[in-house]
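Once you've looked at the hints, dock chain H against the given chain P.
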Amino acid sequence: MSTPHDRHLLVVGAGLAGLRAVEGARAAGWAGRITIVGDEPHAPYDRPPLSKAVLAADEPPPVPALRSEEVLETLQVRHLPGVRAEALDTERRMVTTTSGELGYDALIIATGSAATTVPELSGVRGVHVLRRYDDALAVREAMARSREVVIVGAGFIGSEIASAARARGIGVTIVEASERPLERAVGPAAAVRLMQLHADAGVRLLTATTVSGVRSTDVGVDKVELSTGETLAADAVVLGIGARPATAWLRDSGVELDARSGGVLCDSRLATSAPGVWAAGDIACVDGVRSEHWTAAGEQGRVAGANAAGADAGGATEVFAAVPFAWSSWHGHRIQVVGETTAAGEEDHGDGFVLYRRRGAAVGAVGINSPGPMARLRRALTAQTNP
Amino acid sequence: MSAIEADKTVCEGIGMCEAQADDYFQVGDDGLVEVLADEVPDPDRGYVKAAIDSCPVSALRLLG
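If you read the sequences in order, they're chains P and H.
Quick note: the first sequence uses my numbering, first residue 967, plus one each step.
Quick note: the second sequence uses my numbering, first residue 94, plus one each step.
Chain H extracted, bound-state conformation:
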């Protein structure tokens, strides 16, 4: 199990995370990332990690 950490101060609302893992990320009405589920079970880790890695402003981290 891993956890997602999002930094809204650097998020630009680009939406790469949402495009790749919309069970976990959504660009909210404030235009910034909302994490829909903090904890990532191991089977989902691969694609959630890919979504996190694709953020061009490094607003997301996967802990653990």
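Chain P with its partners taken away, still in its complex shape:
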């Protein structure tokens, strides 16, 4: 089944979810035009390397493009770089952008999220966030000039940055507001195991601590003042304190947002409250849950694209039902998280494998250098999700 050639699919957001939406739509037979709009000047690129390979590189590396120019050409997609969406009119089916209005027959919202900042620290020289390629280049350059860095936030992104800094021989202090790092991501036993990796690698971790001030010079950071009264000498500060859905442009659009997170409310078919509008990636609040993982963003993009095409042609639609899976690398250790990892029953198997149970059944795990058991559990959970 395919759509008429004069139909227009508009994808707002040129990250993984947006690109996979284009591929999903084409694979499902979308024969009309496709436009993908992104507010960055780069071709659609992949984010996982930003906090890993890009920071480790000796020279500024090229943008980690998701697809070659050849593949993008095959997809027959028009990419508009450096264009930001500013408003959506779901009645006129029109998106207002910094480059004028774009109409659509089907719309996929995949604008991702923006790094959370600390208002008092925004614009302070030497204080960075890491969300985009340009951020990663700036952090890489700051690291190349640094002997000591302070990282705010002991979550996955902060931990990867800490790992990259230690690999460069830089002294690292992580400042974490919570008493227990990673408490919203994994259970207490897994969190202790993970934080031990930092201690073993010579990272200093300060919990229940916040930054109260940063003193900068012309070249970068000089001193970091902490809530505990301590002052640290540091050459750079990197904030890794989370991200918020980039959905401000959807206010008053008729697309319903989740009051708490600001994400776009959608059902398991990734349909939003507005006709002809789908959502995918970090912004998508699917049946109340935002996944915020690479694997989920890609799969949601594909499903949203397929459903936009399918619905337009009056065909079948697909359901997003992937088992959550994320990976990370800290100080050379392979870290994987699968399924539900904050459930009550936490079993530390002692060999880098922490299992979670609900009513006796395994529902998730955290693995440190345990790819085998993790893969087997992921396969079993996937089989249960898609019987």
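Just so you know, the hints here were simulated from the structure itself, not pulled from any lab data.
Note that this is a predicted model, so its numbers are computed, not measured.
A portion of the hints provided could be inaccurate.
Cut-off 25 Å, straight-line C-alpha distance, at most; resulting in silico cross-link-like pairs (SDA-like, lysine to any residue) [stated by the list, open to error]:
(1) P:Lys1018 to P:Glu1035
(2) H:Lys101 to P:Pro1015
(3) P:Lys1018 to P:Gly1338
(4) H:Lys142 to H:Arg154
(5) H:Lys142 to P:Ala993
(6) H:Lys142 to P:Gln1042
(7) P:Lys1018 to H:Lys142
(8) P:Lys1018 to P:Arg1170
(9) H:Lys101 to P:Pro1290
(10) H:Lys142 to P:Arg992
(11) H:Lys142 to H:Glu111
The calculated label-pair distances, taken between Cβ atoms and stated as ranges, are [claimed, not checked]:
(12) P:Arg1181 to H:Asp122: 50 to 56 Å
(13) P:Asp1055 to H:Lys101: 49 to 55 Å
(14) P:Arg1325 to H:Lys101: 35 to 41 Å
Here a beta-carbon is modelled for each residue, glycine too, at the ideal position from N, C-alpha and C.
Relative to chain P, chain H alone:
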């Protein structure tokens, strides 16, 4: 005819390759990629290349 090269030291067992080309890739019991067929005949090259390109840790290469 092209050949597949896999680097198990960087593979994270994410499984994008298997999801797109399960005749050629499988995440094995050790949690890492197994290449099921080293050689890729020309008719399959397109989708195998797409599977390889989708690896976020660049663990796979297509030679030739």
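Each hint, compared with the structure:
| no. | hint | verdict |
| --- | --- | --- |
| 1 | P:Lys1018 to P:Glu1035 | holds, 24 Å |
| 2 | H:Lys101 to P:Pro1015 | holds, 17 Å |
| 3 | P:Lys1018 to P:Gly1338 | holds, 23 Å |
| 4 | H:Lys142 to H:Arg154 | holds, 9 Å |
| 5 | H:Lys142 to P:Ala993 | holds, 16 Å |
| 6 | H:Lys142 to P:Gln1042 | holds, 18 Å |
| 7 | P:Lys1018 to H:Lys142 | holds, 24 Å |
| 8 | P:Lys1018 to P:Arg1170 | holds, 20 Å |
| 9 | H:Lys101 to P:Pro1290 | holds, 22 Å |
| 10 | H:Lys142 to P:Arg992 | holds, 17 Å |
| 11 | H:Lys142 to H:Glu111 | holds, 12 Å |
| 12 | P:Arg1181 to H:Asp122: 50 to 56 Å | holds, 54 Å |
| 13 | P:Asp1055 to H:Lys101: 49 to 55 Å | holds, 51 Å |
| 14 | P:Arg1325 to H:Lys101: 35 to 41 Å | holds, 36 Å |
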